[in-house]
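Enquirer: Quick note, the sequences are listed as chains A and B, same order.
Quick note, the first sequence lines up with residues 1 to 117 if you use my numbering.
Quick note, the second sequence lines up with residues 1 to 111 if you use my numbering.
Keep in mind that a hint or two might mislead.
As the list claims (entries may be wrong) - Okay, the calculated bits of chain A under chain B, using three or more residues with CB under 8 angstroms as the criterion:
{"#": "1", "region": "44-54"}
{"#": "2", "region": "109-115"}
As the list claims (entries may be wrong) - Covered, in the sense of this in silico footprint (three residues per stretch, anywhere, with C-beta under 8 angstroms from a C-beta of chain A), are these stretches of chain B:
{"#": "3", "region": "44-54"}
{"#": "4", "region": "59-68"}
{"#": "5", "region": "91-103"}
For the record, the hints were derived by calculation from the structure and aren't laboratory data.
For each residue, glycine too, the CB sits at the ideal point set by N, CA and C.
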Amino acid sequence: GAVVSQHPSRVICKSGTSVKIECRSLDFQATTMFWYRQFPKQSLMLMATSNEGSKATYEQGVEKDKFLINHASLTLSTLTVTSAHPEDSSFYICSARVGTSFGNEQFFGPGTRLTVL
Amino acid sequence: AQSVAQPEDQVNVAEGNPLTVKCTYSVSGNPYLFWYVQYPNRGLQFLLKYITGDNLVKGSYGFEAEFNKSQTSFHLKKPSALVSDSALYFCAVRGLNDMRFGAGTRLTVKP
Numbered sequence: 001g002a003v004v005s006q007h008p009s010r011v012i013c014k015s016g017t018s019v020k021i022e023c024r025s026l027d028f029q030a031t032t033m034f035w036y037r038q039f040p041k042q043s044l045m046l047m048a049t050s051n052e053g054s055k056a057t058y059e060q061g062v063e064k065d066k067f068l069i070n071h072a073s074l075t076l077s078t079l080t081v082t083s084a085h086p087e088d089s090s091f092y093i094c095s096a097r098v099g100t101s102f103g104n105e106q107f108f109g110p111g112t113r114l115t116v117l
Numbered sequence: 001a002q003s004v005a006q007p008e009d010q011v012n013v014a015e016g017n018p019l020t021v022k023c024t025y026s027v028s029g030n031p032y033l034f035w036y037v038q039y040p041n042r043g044l045q046f047l048l049k050y051i052t053g054d055n056l057v058k059g060s061y062g063f064e065a066e067f068n069k070s071q072t073s074f075h076l077k078k079p080s081a082l083v084s085d086s087a088l089y090f091c092a093v094r095g096l097n098d099m100r101f102g103a104g105t106r107l108t109v110k111p
């Protein structure tokens, strides 16, 4: 299957700093990329959807100024957590999809564990 | 809105026994249903999907799922569980633009 990578896999930062997480589709062009966050022992919650070259669409309750998403190319999307705080500590997972047809599979990255001290 | 529910937080089975992880769905229109598995500190791995066709879908690692329209269910099954199957399992449904996940079921297979 298609491969989605994330970098870094784990990051620890101080409160107030910004952290950038990269998501790449390695062997396909992703029309759409998704960012999820997952708290311990909980399900994945969709944060935002981004289409290449367009502004991201954020889910209700997700602060767009805090979680900056850029989808500048068909193989790369970035999530920047600005002015991170301990409550932003979570597991962030990106996902990529080719096209918009129903049934098109979403491929998931391995996730990034963010810890804010 | 499309949604799935996983009624069990935890499922425990003995190695070699059959396992079932339950999922029910609520959709408008035809459902597009998926099962994923997640190991600790890892992303999701695709197991199988139902789009159309046979109600019994076969997937990776010996897993299969049965689509039941009358019961709006899509339970994940495996005839003989392995200890290595212990993980977190998510049922998901394709919505208009994205994937919506169930709360997850933690499967523990004991030797």
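Enquirer: Does each hint fit the structure? Answer for all of them.
Expert: These are the hints, each one checked on the structure:
no.	hint	verdict
1	44-54	holds (count 3)
2	109-115	holds (count 4)
3	44-54	holds (count 5)
4	59-68	violated (count 0)
5	91-103	holds (count 8)
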